[in-house]
Amino acid sequence: MLEVRNLTKRYSAISAVENVSFTIRPGQILGYLGPNGSGKSTTVKMLTGLIEPSEGEIFFRGENVSKNRLWFSRLFGYVPEEPYLYTHLTGREYLQLVGRLRGMEKTTLERKIDAMLDLFGLSEFRDTQMSSYSKGMRQKVLLSAALLHDPEVLILDEPFSGLDVTAALIVRTLLQALAAEGKMILYSSHVLEVVEKVCSEVVILHRARVVAHDSVARLRDLRSSASLEDVFAQLVMHEDASAVASQMIAVMRG
Amino acid sequence: MRERYKAWLEATHGALFELHRHYARQLFESDLITSADDLRRVVITCLAGVASIGFIVPKLYYKKYQYLALGPDTDLYRRAVYSDQLFFVVMTMLGIAALVTFRWDSLFPNREDYLILRPLPLKLSQIYFAKLTTLSALSFLVIGLLAVPCAFSFASVISGNHDLAPAWLEMAAQVMAAFCSGIFVVFALALLQVLLMNCVPLRWYARVSVSAQSLLLVAILCAIPWALDLPNAISWVDFRPAWSVYAPPLWYFSLYEKLLGRADAYDSLLAARGAVASLCVVAGTILVSAIAHQRYARRIFESEVQTRRSRFKAIEWIAERMSRDSRESAILLFTLRSLDRMKQHRMIRLVYAGVGCALVLESGIGVILSGALNKGLIHRGAALDAVFALPLMLFFFLFTGLRYAFRIPVDLRANWLFRLAAQNAISERRRAVRLIYLGFALLPAMAATAPFLLVAMAPWRGVYGIAFAGLIGLLIIEHELENSDTIPLTCSYLPGKRNILHTGIIYWFVVFVITTVLTALEAIGGANPVRATLVIALLAVLVWRGRRTATIDAPALRFDDLPEPAVATLGLAGE
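Line order of the protein sequences matches chains A and B. Read in order, the letters of the first sequence correspond to residues 1 to 254 in the working numbering. Read in order, the letters of the second sequence correspond to residues 1001 to 1575 in the working numbering.
Isolated chain B (complex conformation) (with noise of 0.2 Å):
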């Protein structure tokens, strides 16, 4: 069967097919969860952990719905309904934007794509709109696979006393409103991506595109935690400020309403609005596209022999300036400038800084909305232990994903330079890598949360929850430290050694005792200046510690990743 499906392909499919199959490939392969053997696995798996969302579904809703079906109120039970599918919309919004983002650099052919695929009997265009092809085709089959089964089992489940629509109608509606919704992310995202291309100046685009993929990428995750929160919106679901005519979500929720045969005058326009902007997206990214690509083959040559000059200038001499000698410095520089260029550690690091700017931001507007700094400054209770938190979060995600971006090899290929060179510079390594934590991760994390600290609380307690959490940032670098024994960015990196629900475990459990317990232990320490002096000085003495027993235990550098036992999970890895 499979011969023949294979015979059968040959025979039917052309040079096109071959290049959206291509393509198709390439965006399944990453270093950082597969390697080039195992990637229909990993399409399996993605496509199959989109498609088994849905049927949570009803685990997730049937409870909320037993219970409002059997009160008398239809128009309660009519507006948890809305609600959730206003939270339908938003997470499809989101879930498809942030996959377009991630793959912000594969809309579109790159400079490695136009030298294989140039020189092979292919046209421009044929080169330029397969890829976008592709993509978009993935992001229906995302959509499809996300809507359908949501539909599916939100319709049975919302199913009963208070039948608002026929049940078929119901889900037509919702996987329409998610198919236009989706249909004009990703479109308006490679529309702005067609325009950045064709209007930004050559020497600035490749910042520009960038900034933009990280300004997209942080308010994404940003948007994550405002959105979970909508399945709540039952008291405000049916108001429409005048805002709305420029709330996509709210224009795609108004056309879900229409398809119901539920839409007033208002909700009407907007739902109008949905679809012309769905069609616009589409047509003008055609348009452009068509107009321009040519064009766009020749920037995309020109723009790689632009002069690079570094944007850490700053920095870099900041760098210098404070690393002890040559080998140290080269150590820190490689870092900081790989850190700055390879555009998969900028994306990690994206990734971590946006959970953590989300659950601040999150934590933050929480307290202010609580109404606790209305009462003067916090003294105690939840939001004492929230605003303490802020800065240890922050500081958490920004650590984990510098940590994380380390572990990832910049060129495996270019690393004999550190094996032939580096492989005594461990006091060096330990020094430089010490350096970026606290300069990427324990100072910009006290930077953006202390101020919000020293408004929200009387000035000791504020400067002593700075301090706490400027301490405890320096124990858990210590102990990073003390643990590793690679340069960053050197080392080889085996993906997926780990079971993804094992580390998952982990690292919760992490942030729960980091965030949690250790809040708890600095609120204790914040009810009188006297003990906040005793924990501080506590503290700063297991930093001084920490920091000492790092240098007399210092591993040998290592430049291979070593696979984790099979059975690490049973704690018989010595066995």
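Next comes chain A alone, as it looks inside the complex (with noise of 0.2 Å):
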């Protein structure tokens, strides 16, 4: 089980994320939902370790995560919210890099690299630098990179970026397939329908706190909702979309 305790990251005064607490049970994936800016991205670089939280803490097996970093880096597979990746490597460098960084067996590695690409439809261009890869594919790569030593959690940071949609319909699968194996997953994004479907539990960050912890049906009833989507929109979202589009549209004009 994965648990995160109070966490809490300030930049001088300013808080990135206040006092949020949640716990991420074998075979569950958690939604982390917010709008732009309300402390995703910050609590889930606080997890995966690249960067130390001002208060707060992260228990995964009861073990205190801070205090044994290496050993929870081991346990993880991450997918970062931009594919920031060596673009002067070829996709099937990366991978080589990412394995054995993680200290992988080198057939194994070779093998599950060369399925990995095939899989995902890169195996034609596994010898082409990664700077000429579109945001899908190298979002591929990144997708591949972390499942490549079949971690037990997986961290994932809008892992549908960029993905078409035979792409991103496969990683949905495999991502219910993963839960059902018994991992645990962290998934946050701006994408609710994908949430809607895929998680079973969600929590809603707004201006740094947590405003909604709970399942998705449970969500929907408390706040007589139709989806998701209307929930989310009555918990962080304070203006009128239609107004805004018609002030955006007058500014054009003008």
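Derived from the structure by calculation, the hints contain no laboratory data. Note that the coordinates shown come from a computational prediction; the quantities given were computed from them, not determined experimentally. Mixed in with the good hints there might be a few duds.
[Stated by the list, open to error] Calculated cross-link-like contacts (lysine to aspartate or glutamate; reagent style EDC-like; alpha-carbon spacing at most 20 Å):
(1) A:135 x B:1411
(2) B:1313 x A:127
(3) A:135 x B:1302
(4) A:135 x A:81
(5) A:106 x A:127
(6) A:112 x B:1325
(7) A:106 x B:1325
Could you fit the two chains together into a complex? Lean on the hints.
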């Protein structure tokens, strides 16, 4: 079980994340939602150890992660929000780098790389530098890199970004299958339709704080809403979308 | 005033002006020297630095010409002036060639330029030619800033008892020769690139272009020590061998003579050749570009999707077999591939390697020309020191080039991978970096200089010299491994964190210590085989101890650079 307790991140006086707590049990996909700047990616970065929390703790299987960061970093796979990778390497070389840094055995690694690239339809481009890959292709490489070492926890920050319909469908099904195998998945996203279909439970963040944490069905019931999008709109949207659109058109014409 | 200037710019300058301004900014933008908001300071510093060169001319030449002016020999005076003028022409050509070669990839728009600018209401030809004209304008500005103060200062220094020409004519001739030679260099290199872009098959272009750039850079750096000796060319400055017709510096020097009205028929021929050559390269570049710029835009997009197979296949194969585990091989291969493919890192290594090669060539040729070898094998004296210094000197530059390249991150945003998966790869990093220093600095330096040592000295002394340099190289590598705590190319880099003068003083002090003190020590050991054995044994022990210490006291890995304290030069860092 992955447990986050009162996680807080402050930059000077500004809180990027304030007192966030949640738990992910084996087999669970937790949706992590919020508008831009609400603190989703900051939470993810704290979970992965890329930034240190100002307060709060993360526990995995009852162990405090901050006391054994290396042990935890071997157990999770991570897909960052933006497809930042070494684009001067080919897709194959990048996956080799990731696998080897994770200490994977060479034969197994090569077999897995070939299979992953094939399954994601990238085998034709395996020896092409990633600088000429599209955003979706880079995202596929990142997803492959996160899955290579068969992690127990998956931390995914906008994993569908740039993926075509087929790939998105494959990844969605894959996430459900991985959850069925007992993996713990944190799924941070803006795309509410996918979250609604994939996640059993959601955390909604607004201005650095958790404003809702429950199962999708219960949230819909509580808010008497037909969809997660409506729930989200009630909790975090304080502007009238059509009024803003009209103002933008006025600005364009002016 | 500033607001009025801005308003005037906005009211009077269109898209093409903005395009040139955009390209001009690009020319000065480099992660190595500045951050984006510091651009104005860098531009002013660079240009002021170039302009100030002219103002040190009187300091350098005043005493020489004061002394020569006291003598009765007008011809000696004239030859001294000519030697210095030839020096100015050659240095202008080398300086401009270095500038253009450094900015080899900025001569014409790249893929990113087209991606950003093509959707805007600009013609393909505007995007294409604006880059070339911007670089040309910058080159002319640099030539002007270099040549005009130099010409003014030099003309005032040489006016005296043996006046050769009116000062204004002297100045005009020097500036004209500098401009024509600069134009020739800028457009000859641009023409070379245009021809490569359009004639070389697409799959070869990137490789050929990089090789051309590398060769040019090494050639320029190797030519600098030779050029610095030109003010001493008094004895042969009037001599015009048959190959002068193929030597561009002599064309423009003859142009200078022609403008002064002192050229003979052969000089006039060379001067005419220079003028025609300048016109031809300008016309050739514009003509070929006008015909081929649309094809170039097409090719640049196609070239980016070429399949990349590493040129380093054999080296990668060896590296994989030499690494003990998968993490070490990951760091090793990542570093090798990045050094091979990243232009910035390749350029850093090339510059250092070029300077090293230039110094080694100069020393080696100096030993040969000094006649030391004619007397049989070298046994003692400065020639022995010079030969002993060769491997160390080359190693030092190859090593520092790699060391500097390692500090520049490939892509900071992608570093999260190493932060997550290689935080504890301390010993793997050390072994991988050691292999790279050995394979790309120590071994090449030894291999390149060992034959000369074995030929120039008695065999035992040659072997001793190689072993000594090798062990000192190992000591330096171990010292570096002990004091560094970053995975190559993955740590952030703060440009300008240390005063450049401070860095320069430290750098040249280290060069002095390594090449002078160590070479002297080496010469002591080289007196007889017994001493040689003792010195080698002592160094071997030191290397062994160094490796042991590095293994025990390994620091934790760091991924963010720390700014040096502003008062580091005062030794107050710890206060």
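### Task
Quickly compare the C-alpha distance for residue 106 (chain A) and residue 127 (chain A) to 20 Å and report which way the hint goes.
Holds, because 18 Å separates the two Cα atoms, which is no more than 20 Å.
### Query
Does residue 1325 (chain B) lie within 20 Å of residue 106 (chain A) when you go C-alpha to C-alpha?
OK: residue 106 (chain A) and residue 1325 (chain B) at ~10 Å, within 20 Å.
### Message
So if I understand the rule, the pair passes when the alpha-carbon distance is 20 Å or less; does residue 135 (chain A) with residue 81 (chain A) pass?
### Response
Within the cut-off at roughly 12 Å; holds.
### Message
Given the hinted pair residue 112 (chain A) and residue 1325 (chain B), is their Cα-Cα distance within 20 Å?
### Response
19 Å, holds
### Task
Sort out whether residue 1302 (chain B) lies within 20 Å of residue 135 (chain A), counting only the CA atoms.
18 Å, holds
### Message
Hinted pair, alpha-carbon criterion (20 Å max): residue 135 (chain A), residue 1411 (chain B). Please report holds or violated.
### Response
17 Å, holds
### Message
Against the 20 Å threshold, does the CA-CA distance of residue 1313 (chain B) and residue 127 (chain A) hold or violate the hint?
### Response
This hinted pair holds, its Cα atoms lying about 13 Å apart.
When held up to the earlier numbered hints, the structure conflicts with none and fits them all.
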